[in-house]
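Engineer: Residue-level listing of the chains:
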Amino acid sequence: MEYFKNKEEVIVKKRGFADLFFLLLVVYLVLPVAATMLYAFATNWNKTILPEGLTFKWLATLFQDAEFIQAFGRSVLLSSGAVIIALLVIVPAIFVIVLYFPKYEKWIQIAVVMVYSFPGIILAVGLIRVYSQFDVPMILVVLGAYVIGILPYIYQGTRNSLRNVDARQLLDAAQLLGASKLQAFSKILLPTVYPGLFAGALLSFSVLFGEFVLINLVVGSRFETVQIYLMKKLSTSGHIASAVVFIYIVLMGLLTFVIAKLMKRSKGATNL
Amino acid sequence: MSYLVIEGLHKKYGQSTVLTNIDMKIEKGEFITLLGPSGCGKSTILRIVAGLTDASAGQVVIEGKDMMGIHPKDRQVGMVFQSYALFPNMTVKENVAFGLRVQKINTAEVDQRVQEMLALVHLSEKANVYPKELSGGQQQRVALARALIVRPKVLLLDEPLSALDAQIRKKLQADLRVIQQKLGITMMLVTHDQEEAMAVSDRIFVMNNGMIAQCGTPTAIYTSPESEFIANFIGHYNVFTRPALENMIGETLPKECSKFAIRPEAIHLDQRPGDVCFTGKAKQSLMSGNVIRTTFEGECFFTMEQLHQRGYSFELGKKYTCYVAREDVIALS
Amino acid sequence: MIVLISKRQTVAWLSPFLVLVLLFFLVPLLYMLITSFQNSDGFTLAHYQSVLTNDYILQGFKNSITLSVISAVIALIVTLFAVYAIMRFSEPVREKILILTNLTSNFSGIPLAFAFIVLLGNSGLFTLLFDQWGIDALSSFSLYSWGGLLLIYIYFQLPLSLMLLYPIYDGIQQQWKEAAALLGASTWQFWVRIGVPVMLPGIVGTFSVLFANAMGAYASAYALTNSSYNLVAIRIGSLIQGDIFAQPELASAIAVILAVTMVTAMLLSEWSISKTRRKL
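For the protein sequence lines, the chains are A, B and C, in the order given. First residue of the first sequence? That's 1 in my numbering, and the numbers climb one at a time after it. First residue of the second sequence? That's 1001 in my numbering, and the numbers climb one at a time after it. First residue of the third sequence? That's 2001 in my numbering, and the numbers climb one at a time after it.
Everything labelled a hint here was simulated from the structure, so no lab data went into it. Incorrect hints may appear among the rest.
Calculated lysine-lysine pairs in the DSS-like style (CA-CA distance at most 25 Å, straight line) [claimed, not checked]:
no., chain 1, residue 1, chain 2, residue 2
1, A, K181, C, K2007
2, B, K1025, B, K1153
3, A, K106, B, K1132
4, B, K1132, A, K103
5, B, K1028, B, K1153
6, A, K106, C, K2177
7, C, K2275, A, K264
8, C, K2275, B, K1126
9, B, K1132, B, K1065
10, C, K2096, B, K1132
11, C, K2007, A, K261
12, A, K106, C, K2007
13, B, K1153, C, K2096
14, A, K103, C, K2177
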């Protein structure tokens, strides 16, 4: 506030205080990321403060490791599979409820809260107990659990976009002008909702990519994802592990960047 | 020495100048209005007086004391916001009591003064209610009570009634004037609604583009606009350029001005000695409240206003001869 | 509404979703709940009895709750100040900060544990640094202790806390601050009488989310020392991992108690929020 300019240093001190916390926060958050990335390029970093040298060999080894490539592929497959299923199954359901049965929306919200309240570790017990009795491939069980697990993000992505536009009015207006229900939906509603929804999908993807509990406990190394691969390398080769983390960070960084751009677009699209 | 003096106020935001050379002298107990279109800088003046924004140059003096460098909380200036700004976590009573509590006044006195103030704004029965349960008009009355109870030297009101329905607005305008007169508080109101300004003020400062265009009593401003801007902004003046008007009335105009204004209610159909005269075909008649506004097409377009009762019903398409008293042709500089 | 949706269409669009929720969420949880009260003889409380009399498991609960509460509180306090600072930056700067927050919120679990090993492990960057500088107190700090785990937990609580507190701060209107100032209140008085009370429901809600977040965390602790941390999540994990699925009912019982703990925390915060939110 401008008027503080003319006044007490107490205010200035308080400002400095908050800024200090902020700075500490940023340093604390960035340091581990930076250190790990550096480790991925270090030749040797055991006894010295800074790495002894820099090299690409860890990354090179990683990319030549078929096991890693396969693990990466499995992670991508699993995560994107779950996201796609969620988009096909959850999004229409949300639309139907929000547009036609708004009274029942609170049930979705309850579901979202419940998903938060029952994290992977608890769910894993239930899933194993139920499905180990049948001859079902456990990876499908995990897939199903993943789809439900990303409900909060998908819901948020869809709902926020819908909230900024009066969806019912838009659909009504379009249909009054002669559009069919499908046309109204695909030409009017979907483009408006699309950025926020896509952001939610990407966010879900990144969350699932980093998931460990369910995949490790329910399936284990039978379906080795990047996380499980990383766990193995943790105890054998630190440098390879850091290379994996480096790739993971880069991937997350890219996704975050795209999500941020999408959120901006979504805000613009729905700013009436 | 006037109670509130604003001298040579300038305000720049980066490259754009928002206020230029604002001079105002306000006496104690006066109700003055800053009137102008959106973006003319009137709210900025209010914020500078309150100390919420710094001026680039100039000074504000209240009761002889220079306000430079003085924190808003020490200025004894009150403000009522357009969005009410009531504290959501406090009841009406607690909101109103806030300023007194901050001064650590004892509870008994606080309770008594709050009761009096709530009675003044007719909200005694809502004392224990939370702001979100009140209507817009009620919230604004609470905001008013909250600002008045600490007996500020000057009360600033930033478009306080703009967010309210027309009916409520009219009522509150009247209430505001009554309270102001009763308590004798110096008030500065900001609005873009000229009718509001006319209804409540002792004096009006009309602003345009960061400068004061004219200052005076409501009557003075209405009857003697000094510039085309004022004539266009206040009332529904007919504004003519010199050549067009001379053409229309068939006379040369004695003054050295380039534009002239005629009030729509100054035009009539009965000839009186000394009137100027012109003709026009009635094009359209509209009702606006209790006046009939009729547009004519002659050498120029002009509008005539009549009260309903007069009952000149104009035949559209027919030519009429109109008259205006000479002194009602106002020269604009 | 011009066009109502037919009942058939409704069923078509909604049922896949409901089926999935049923199959992969409701049924497993309910089954787990029911079987935790069963053994070969029928209804029993024996499993719960063994859990509640098992000192080791109880200690695990105590550890989890303590760790969760402390990490939540610290993260909350730090971010309360940090968001206050962030609010005063310009919009483009704030956007970049939010992007950084989003990025680091993904950094949890095993990658995070590894990063901390690089920094504070036995030959970690800071361990060596403190050694060189001769600060024994710090260089003898072990990442593999509770303190070390706390640092990691705080790390992944911070971004979440930031993202949740930001909109709450945003809800504090500038005009309230101005009105309060004109009524004679100092900045401190504003925050104490108006700012914090208005934000309180949001802060309590954030705390409960942070608490739940930490209680359910598994991967970081697991990555650090497999199973030697005595946390509830780890206990459950070790009981169902591998082919030795010796005590499934015990795992269920512990899981149910964990769920109850978390739901209770959520409900408590919802209750306290609704109490204050009524007037806001």
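Engineer: Each of the hints needs a verdict: does it hold here or not?
Structural biologist: Results of checking the hints against the structure:
1. K181/A / K2007/C: Answer holds: K181/A to K2007/C is near 16 Å, not above 25 Å.
2. K1025/B / K1153/B: Given that 25 Å is the threshold and the Cα spacing comes to 15 Å, the pair holds.
3. K106/A / K1132/B: Within the cut-off at roughly 23 Å; holds.
4. K1132/B / K103/A: Holds - the C-alpha atoms of K103/A and K1132/B are around 24 Å apart, at most 25 Å.
5. K1028/B / K1153/B: Between K1028/B and K1153/B the Cα gap is close to 9 Å, so the pair holds against 25 Å.
6. K106/A / K2177/C: violated, 34 Å
7. K2275/C / K264/A: violated, 35 Å
8. K2275/C / K1126/B: holds, 21 Å
9. K1132/B / K1065/B: violated, 39 Å
10. K2096/C / K1132/B: violated, 35 Å
11. K2007/C / K261/A: Distance ~39 Å between K2007/C and K261/A Cα, so the pair is violated.
12. K106/A / K2007/C: holds, 20 Å
13. K1153/B / K2096/C: Roughly 45 Å separates the two Cα atoms, so the pair is violated.
14. K103/A / K2177/C: With Cα atoms ~37 Å apart, K103/A and K2177/C exceed 25 Å; violated.
In summary, the numbered hints that this structure violates are 6, 7, 9, 10, 11, 13, 14.
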